[in-house]
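Here my numbering is used: the first residue of the sequence shown is 1, the next is one more, and so on.
No lab work stands behind these hints, which were simulated from the structure alone.
Some hints here could point you the wrong way.
Said to hold, decoys possible - Beta-carbon label-pair distances, calculated as ranges:
| hint | residue 1 | residue 2 | range |
| --- | --- | --- | --- |
| 1 | D162 | Q330 | 41 to 51 Å |
| 2 | D331 | V177 | 22 to 32 Å |
| 3 | D290 | E158 | 22 to 32 Å |
| 4 | S354 | E275 | 47 to 57 Å |
| 5 | N107 | G406 | 27 to 37 Å |
| 6 | D413 | P379 | 23 to 33 Å |
| 7 | G91 | Q208 | 25 to 35 Å |
Owing to the predicted nature of the structure, the values given are computational and were not obtained by experimental measurement.
Where a beta carbon is used, it is the ideal one built from N, C-alpha and C, also for glycine.
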Amino acid sequence: MSRPNIIYLHSHDTGRYISPYGYRLPTPNLQRLAEEGVVFRNAFNAAPTCSPSRAALLTGASPHSSGQLGLTNRGFNLRDTHKHLCHTLKGAGYRTALFGVTHLHVNHDLLGYDERYTDRAWGGNGITDEAVAYLRRDHDEPFFVAIGYGETHRVFPEPAADINPSFLQPPAPLPDVPAVREDMAAYATMVRTLDGYYGRILDTLDEQGLAANTLVIATTDHGLAFPLMKCRLTDHGMGVLLIVRGPGFGGGRAIDGLVSQIDLYPTLCEIAGIEPPDWLEGTSLMPLVDGSAQEVNDEIFSEVTYHAAYEPKRAVRTQRYKYVRRYDPQDTAPMANIDPSISKDVMVDHGLPSRPPGREQLYDLIWDPHEACNLAGDPDSAAILEDLRGRLDRWMETTSDPLLDGSVPQPPDTWINPHADLHPHE
Numbered sequence: 001m002s003r004p005n006i007i008y009l010h011s012h013d014t015g016r017y018i019s020p021y022g023y024r025l026p027t028p029n030l031q032r033l034a035e036e037g038v039v040f041r042n043a044f045n046a047a048p049t050c051s052p053s054r055a056a057l058l059t060g061a062s063p064h065s066s067g068q069l070g071l072t073n074r075g076f077n078l079r080d081t082h083k084h085l086c087h088t089l090k091g092a093g094y095r096t097a098l099f100g101v102t103h104l105h106v107n108h109d110l111l112g113y114d115e116r117y118t119d120r121a122w123g124g125n126g127i128t129d130e131a132v133a134y135l136r137r138d139h140d141e142p143f144f145v146a147i148g149y150g151e152t153h154r155v156f157p158e159p160a161a162d163i164n165p166s167f168l169q170p171p172a173p174l175p176d177v178p179a180v181r182e183d184m185a186a187y188a189t190m191v192r193t194l195d196g197y198y199g200r201i202l203d204t205l206d207e208q209g210l211a212a213n214t215l216v217i218a219t220t221d222h223g224l225a226f227p228l229m230k231c232r233l234t235d236h237g238m239g240v241l242l243i244v245r246g247p248g249f250g251g252g253r254a255i256d257g258l259v260s261q262i263d264l265y266p267t268l269c270e271i272a273g274i275e276p277p278d279w280l281e282g283t284s285l286m287p288l289v290d291g292s293a294q295e296v297n298d299e300i301f302s303e304v305t306y307h308a309a310y311e312p313k314r315a316v317r318t319q320r321y322k323y324v325r326r327y328d329p330q331d332t333a334p335m336a337n338i339d340p341s342i343s344k345d346v347m348v349d350h351g352l353p354s355r356p357p358g359r360e361q362l363y364d365l366i367w368d369p370h371e372a373c374n375l376a377g378d379p380d381s382a383a384i385l386e387d388l389r390g391r392l393d394r395w396m397e398t399t400s401d402p403l404l405d406g407s408v409p410q411p412p413d414t415w416i417n418p419h420a421d422l423h424p425h426e
């Protein structure tokens with residue numbers, strides 16, 4: 001078989017809150033993709049913030065390795081754009097195109113796309129129109145097409161009339177109160193819109209006879225833009241949807257192995273028969289897909305350095321445990337790293353700004369899947385804590401994490417919020 005085409009569908013701030021992961025939300029096209037493909041139930045980002053997460057996926061290395069320590073819209077950029085996946089695929093004969101959001105570099109010309117359609121003012125309809133037109137062309141070479149949507153980033157629309165907040169469950173870490181249910185109804189309205197765009201892409205692949213030899217990867221950057229999710233190193237921030245359909249990825253299967261988004265780059269290299277670059281930190285997922293292994297990762301890692309504000313922290317996760325270490329000199333988390341919302345208002349009114357997150361956090365994900373009970377001070381968990389401390393230390397040393405040298409200086413020509421700001425737009 002010829003090298004497959006690759007379509008990378010990515011959204012903002014969607015987490016796993018779609019129907020294939022068991023949520024009662026209107027995403028029939030993603031459900032269709034899941035039933036025809038493979039769902040990775042334990043997929044995580046390498047950073048629960050926008051640009052660093054995308055950089056990790058598209059360079060196959062941790063954000064601090066790629067230099068993407070913060071948000072592109074605040075002046076942070078990839079250190080070496082030639083490590084972007086596009087350059088590797090182009091070298092192997094792929095045509096490359098970008099539609100919509102990339103959120104990686106202020107100069108898109110450096111990322112390796114042969115064609116770019118990135119005017120965010122179009123909105124999702126315009127992005128989809130251009131992507132559909134591209135897919136309807138004649139293609140003599142395999143293509144890599146990245147299609148990025150601003151949905152489901154805030155600001156959310158008003159809830160649709162047919163989506164009743166009374167019958168929605170709020171995200172797991174938040175209280176079941178009317179304001180949060182109303183916020184979730186607004187998210188449900190936007191995610192349905194996103195799903196409609198995906199449906200148009202999938203229909204076009206069918207119409208053009210491209211579906212059989214096209215790998216479709218649907219994922220997102222991090223958890224929902226709600227308090228205690230986005231920019232947090234709990235699973236509510238790290239957990240992402242990852243659905244893949246195409247050659248070798250079929251049957252409507254669910255895979256429970258531990259997966260990081262940095263594993264996608266080496267996976268695509270293996271599928272396309274490309275020698276993987278030497279900087280990759282992930283591992284191919286194909287043993288999980290072909291059934292030759294139940295796990296390919298003993299642990300995965302995630303990080304935050306800069307978001308709207310400076311909040312340095314690192315995490316290691318195994319199937320059973322999560323360990324988080326904070327390097328922030330402040331005793332409280334910066335509120336500017338939480339997007340404004342009615343849900344945030346509820347949590348602020350109940351004392352969120354004064355709640356200390358803890359310098360070290362250890363969670364047993366079997367008995368405490370919502371990561372509410374910190375075991376870092378529990379004598380019975382001392383051996384587990386020491387083991388995970390060592391794993392995190394070794395990873396930071398192996399990847400030359402700049403936090404090992406102390407506070408990470410703010411790069412020139414970037415802008416961030418002071419710790420005291422309540423909202424990112426102050």
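These are the hints, each one checked on the structure:
Our hint of 41 to 51 Å for D162 and Q330 holds, since their Cβ atoms are close to 44 Å apart. At about 27 Å, the CB distance of D331 to V177 agrees with the hint of 22 to 32 Å. Look at D290 against E158: about 46 Å separates their beta carbons, and that is not inside 22 to 32 Å. Range check, S354 to E275: about 52 Å between beta-carbon atoms, so the 47 to 57 Å window is met.
With their beta carbons about 30 Å apart, N107 and G406 fall inside the hinted range of 27 to 37 Å. The hint said 23 to 33 Å for the Cβ distance between D413 and P379, and at roughly 48 Å that hint is violated. Range check, G91 to Q208: about 26 Å between beta-carbon atoms, so the 25 to 35 Å window is met.
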